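As you go down the protein sequences, you meet chains D and L in turn.
Using the working numbering, read the first sequence as starting at 126 and increasing by one per residue.
Using the working numbering, read the second sequence as starting at 128 and increasing by one per residue.
Mixed in with the good hints there might be a few duds.
Cross-link-like lysine to aspartate or glutamate pairs, in silico, EDC-like; alpha carbons within 16 Å at most [said to hold, decoys possible]:
#1 K156/L - E186/D
#2 K190/L - E169/L
#3 K378/L - D396/L
#4 K173/L - E177/D
For the record, the hints were derived by calculation from the structure and aren't laboratory data.
Remember, predicted model here, so these are calculated numbers, not experimental data.
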Amino acid sequence: MISIDVLVTQVSGLQRRDIDFWISQQWVRPDGHAGNYLFQDVDVARVRLIQELRDVMLVNEEALPVVLSLLDQLYDQRRRMRELCDAVSRISSDEMRQKLIRFLSAQSL
Amino acid sequence: MDDPYKILGVSNTASQDDIRLAYRNLAKKHHPDLNPGNVASEDRFKSIATANELLSDPIKRGKFDRGEIDAAGQERARQTSYRDFADADPGRRYGPSGFQPGGWSTDDLNDLFGSIFKQDPGSQNETFGNGWDESYVLTVSFLDAANGATKRLTLPDGRVLDVKIPSGTSDGQILRLRNQGTDGGSGGAKGDALIEIHVSPHPLFKRNGQDINLVLPVTLSEIVLGATVDVPTLNGSVHMRIPSNSAVGTKLRLRGRGIPAQNGKESGDLFAVLEVVLGPPDAALEAFLKSWKPEHPIEPRKAMEENS
């Protein structure tokens, strides 16, 4: 967990007012509250991603919420898929897994 | 380590702006956070980022061009990516509608299993541990579907189900037999058997909602002079009066002889469409028509000429 002061020194090219704006838009959701925010690793990585989207890929701040929303949905689906796969691997028999593999590879033909 | 100019797809005389532009376009396509799970894209982006790191800095680029450093010497491990967190539990912080707690809700399960097993949203099988619905197909004759019948269905596991086909069942309709699906685990409710009904076509009858259409072949004298003929219906034949001087294609109605009333729908009608069958050539008929002078001559194609 790091503070906003540490964050702006760690991520080059990042302005403090950028972070404040992104938090006000709920694009970044650190712990704590205004004046005493605490950023977890996931928040720092997200700040980097938003910065890259804006500065490298030229996704402007009008379009950013759309891109972030789609990304959040994508990762939500990926987490669910992983949970589903975990559940299947934990409760299914070898035979069932083989059947699944055969069935899924047949579908892709 | 490959040539960083080739990786970015620019010449070694490219301006800094060209390099920035090339990197921007490649990043849009290959950024690993936008392509989670795509290993090829991830590797590709690593070399793109490394090449950009070297060439976007004019001092480093100069050293590289003069051979003072090599491309690999500049390679630096990329910081942890957003996807590393987003794919795992910490990513729940940024669920589509705020923080997403772990565990699957009933809605989540319905989203997934509902689509797989064609469950009705209102079905009873909403909690985990209940049995699944099993789907079967049963082909029945047109008359059985129209009048209703009981059909025996042998399941793959050897069980035998007596399926009651209600009268008026249509092609593609799905019947649900409660608690005849898969066993639920640890006291969960059994799933249902979902039986999709395929109705085989009938050589005479065609269904149209609650009504039945039928082509009724008649002789020339029956259509001109009128007659009382037997017409097949869903349950035995009935007498029907053909009025004299009916036209070919006339639809005669037998009220209440369609699909029986069911589920608040009234019973339908049977429509017999007249079709003339001339039979083998008949010398007497030909001789008569040659000498026949119509009482009221007509020009049946006159309207066609006017409209063509």
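Against the structure, the hints:
{"no.": "1", "hint": "K156/L - E186/D", "verdict": "violated, 19 Å"}
{"no.": "2", "hint": "K190/L - E169/L", "verdict": "violated, 27 Å"}
{"no.": "3", "hint": "K378/L - D396/L", "verdict": "holds, 11 Å"}
{"no.": "4", "hint": "K173/L - E177/D", "verdict": "holds, 15 Å"}
Checked against the numbered hints given earlier, this structure breaks hints 1 and 2; the rest are met.
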